[in-house]
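Chains Y and V, in that order, are what the protein sequence lines are.
Mapping of the first sequence onto my numbering: position 215 corresponds to residue 215, and the numbering continues sequentially without gaps.
Mapping of the second sequence onto my numbering: position 131 corresponds to residue 131, and the numbering continues sequentially without gaps.
Hints are not guaranteed to be accurate.
Each pair may be met inside one copy or between any two copies, as identical chains are not told apart.
What the hints assert, rightly or not - With a straight-line cut-off of 20 Å between C-alpha atoms, the simulated SDA-like cross-links for lysine to any residue are: (1) LYS64 with LEU293; (2) LYS64 with ASP169; (3) LYS13 with ARG33; (4) LYS64 with ALA216; (5) LYS13 with SER67; (6) LYS13 with ARG23; (7) LYS64 with VAL101; (8) LYS64 with LEU319; (9) LYS13 with ALA97; (10) LYS13 with VAL101; (11) LYS64 with LEU8; (12) LYS13 with ARG99; (13) LYS13 with VAL289; (14) LYS13 with ASP98; (15) LYS64 with ALA244; (16) LYS13 with LEU51; (17) LYS13 with ARG66; (18) LYS64 with VAL7; (19) LYS64 with SER320; (20) LYS13 with ARG218; (21) LYS13 with VAL36.
It is worth saying that the hints were derived from the structure and are not from the lab.
There are 2 protein chains.
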Amino acid sequence: MPDADRVLPPTTKDLARAAGVSRATVDRVLNGRLGVRQATVDRVNQAIRDLGFVRNMAAANLAKGRSYRFVHLLPSSGDLFLEELERCIAEAARFSADRLVTDIRRIDANDPHAVARDLAALGAEGCDGVALMAPRSPPVRDAIARLDDAGVPVIPFVSSQGGSFVGIDDRAAGATAGLLMGRFAGAGSGSVLVLSETMTAQDSLNRRLGFDAILAARFPALRVPASLETYGDPDRTRAVLSRAVAGRPDLRGLYVLSSEARVPLDVLGGMDLPRDLVVIAHERTAATVAALLDGRVSAIITQDPGHLARSVLRRLKALSDGREVFAAQERIRTEILLETNL
Amino acid sequence: MPDADRVLPPTTKDLARAAGVSRATVDRVLNGRLGVRQATVDRVNQAIRDLGFVRNMAAANLAKGRSYRFVHLLPSSGDLFLEELERCIAEAARFSADRLVTDIRRIDANDPHAVARDLAALGAEGCDGVALMAPRSPPVRDAIARLDDAGVPVIPFVSSQGGSFVGIDDRAAGATAGLLMGRFAGAGSGSVLVLSETMTAQDSLNRRLGFDAILAARFPALRVPASLETYGDPDRTRAVLSRAVAGRPDLRGLYVLSSEARVPLDVLGGMDLPRDLVVIAHERTAATVAALLDGRVSAIITQDPGHLARSVLRRLKALSDGREVFAAQERIRTEILLETNL
DNA sequence: CATTTTCTGATGCACGTGCCTCAAAACATT
DNA sequence: AATGTTTTGAGGCACGTGCATCAGAAAATG
Chain Y
1 MPDADRVLPP
11 TTKDLARAAG
21 VSRATVDRVL
31 NGRLGVRQAT
41 VDRVNQAIRD
51 LGFVRNMAAA
61 NLAKGRSYRF
71 VHLLPSSGDL
81 FLEELERCIA
91 EAARFSADRL
101 VTDIRRIDAN
111 DPHAVARDLA
121 ALGAEGCDGV
131 ALMAPRSPPV
141 RDAIARLDDA
151 GVPVIPFVSS
161 QGGSFVGIDD
171 RAAGATAGLL
181 MGRFAGAGSG
191 SVLVLSETMT
201 AQDSLNRRLG
211 FDAILAARFP
221 ALRVPASLET
231 YGDPDRTRAV
241 LSRAVAGRPD
251 LRGLYVLSSE
261 ARVPLDVLGG
271 MDLPRDLVVI
281 AHERTAATVA
291 ALLDGRVSAI
301 ITQDPGHLAR
311 SVLRRLKALS
321 DGREVFAAQE
331 RIRTEILLET
341 NL
Chain V
1 MPDADRVLPP
11 TTKDLARAAG
21 VSRATVDRVL
31 NGRLGVRQAT
41 VDRVNQAIRD
51 LGFVRNMAAA
61 NLAKGRSYRF
71 VHLLPSSGDL
81 FLEELERCIA
91 EAARFSADRL
101 VTDIRRIDAN
111 DPHAVARDLA
121 ALGAEGCDGV
131 ALMAPRSPPV
141 RDAIARLDDA
151 GVPVIPFVSS
161 QGGSFVGIDD
171 RAAGATAGLL
181 MGRFAGAGSG
191 SVLVLSETMT
201 AQDSLNRRLG
211 FDAILAARFP
221 ALRVPASLET
231 YGDPDRTRAV
241 LSRAVAGRPD
251 LRGLYVLSSE
261 ARVPLDVLGG
271 MDLPRDLVVI
281 AHERTAATVA
291 ALLDGRVSAI
301 ITQDPGHLAR
311 SVLRRLKALS
321 DGREVFAAQE
331 RIRTEILLET
341 NL
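Start from the sequences, fold in the hints, and give me the full structure.
Here you go:
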């Protein structure tokens, strides 16, 4: 083992030697402490550049006794995507190099005041960051602002209305669905149905907006009537779908808008639909993948829950120590899944 | 700051207390050292489960003075994707939490004996792992085996023939291109041209295989003549393309097979092509993205070079310390890019 | 020049884990 | 009981960095 000439990354000790100062001064410069002459600061920074010094974050966090306590607030609905997401969060936390504890709590995301109360309660808990999956509303926004003032960053997670958040843009996801729908449906006129659990949710609205915009701009021959709402009920789904299909001999496509596509896809299996009907659904779950494989679905638009979970943890960490994130790693992609790239 | 009741992840000290043993014994159990009674081992393992203990890898690596020295051997061609990949590798190494040094070297990947020589030379260098992007051939395979025997893991990177490797499956990528081509081209018959730099490269062959298989199975009305080879030459590209287009009034699609799509796409811009020609290209580069945005290209099939770079580093690390990787994070996705999900 | 102020060096402990040594304890064998 | 063997405990140093403290040097001020 020729271990002698191994080039190890430089440490603060190497820096000190190269800059001709002591480790204490290097430390003062690195951590921006006062009382160092500009000339000395420059010498140290020059050495940093010369040696290509990179702070060993693992050692730094160890020394600081840094630990992170994060809380994830997720809606208490039981959809498949959410379950998978929860699994991924727990897994990502376990695999994290740092000492971190994550709490996953289910909240009543649709009651703004309940959410605000839950957020306020977190302030007293001494947690270092919150990932919140709930619609933004004035009470919630205020609660977030108060937490932020108290130094507890809150990251909107997966879905949020307005402002930045971790997750894909619903409008872009809808537009991608629309583009695929138009391309797959081929030239010529026809109609495309949009099936949604409920259109009151903001994410559904945004997807629909993106979908409509693309269809209007690029495929004007395709007509899109008002969305059919299922309220998650299999019987109702069957009923509205049958009625809509019966009335439209020119049906070319079906866009399953909601995140919970299981019920509509199950219903679809038992119906007598036009051959070559283009069906597009959201989120990779056991239900959508099965449907893609047996041909009920043509494409799935999704985001990787594992990536989401890891990304939000990295972002929370970066926020709590005032660092920048490694942007390239945090771009959540709007993925298109076909049979060939599952 | 209610910091008192913060629940910190347990340390080996907590483990020792819970199991009623000393830290030395905990250490023996954790690191599988001999000379501990089974009953004691069980007590410690029980405590690990009870407390949910997870080893602090950062501290462990710090203590071990663990450092990684990896070498990336990349082909010395100058294509855009490769440049981007190189950038990502350097960036990923800088952002790594561990102390690691990566060397990126350009090699003559198409000369099996030269590659084998380069690999052999690495054995004496005392490096901890190699990422190799070169076709597999008998001399190369032997060199890899020798390195492996010497305890230096070698990971085939991005493209490899046979065996597992880090990167997307070329056949699946070709199949995805084929599926999109068939769907986008619509019903009815027509022909689809395949344009490649050269068909001698194994990755081109595999893409073509996947592409053909899907077209034959799902879109038999589309004809795919023999691939047009450009040898990277703009004039030749223009010539073969013009000739092929002129002879085919039924042209519906064009599949740009090679990783270096810049030349064909540039040529395409100046040509008089059928409206609604479906063009599909590989790899996200400045050239392909520009073409997607101005409509010369309909879809890009790609893999994320940043993810590739980070993934191969994590895998090399895991291999050198005999750990398992976090599989979910290492699945390299075959991505489909449209205007709406760039 | 003397004095104050500003800057720097030397040193040490801490973080959680790995790894070592040495002695003490528990156990097994005669 | 005496002996040998295996198992355990106690303690310490190391890794690279953060964060103290204190004394000494250099610079600025009088």
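Out of the numbered hints, which ones does the structure contradict? Of the numbered hints, 1, 2, 4, 13, 15 and 20 do not hold.
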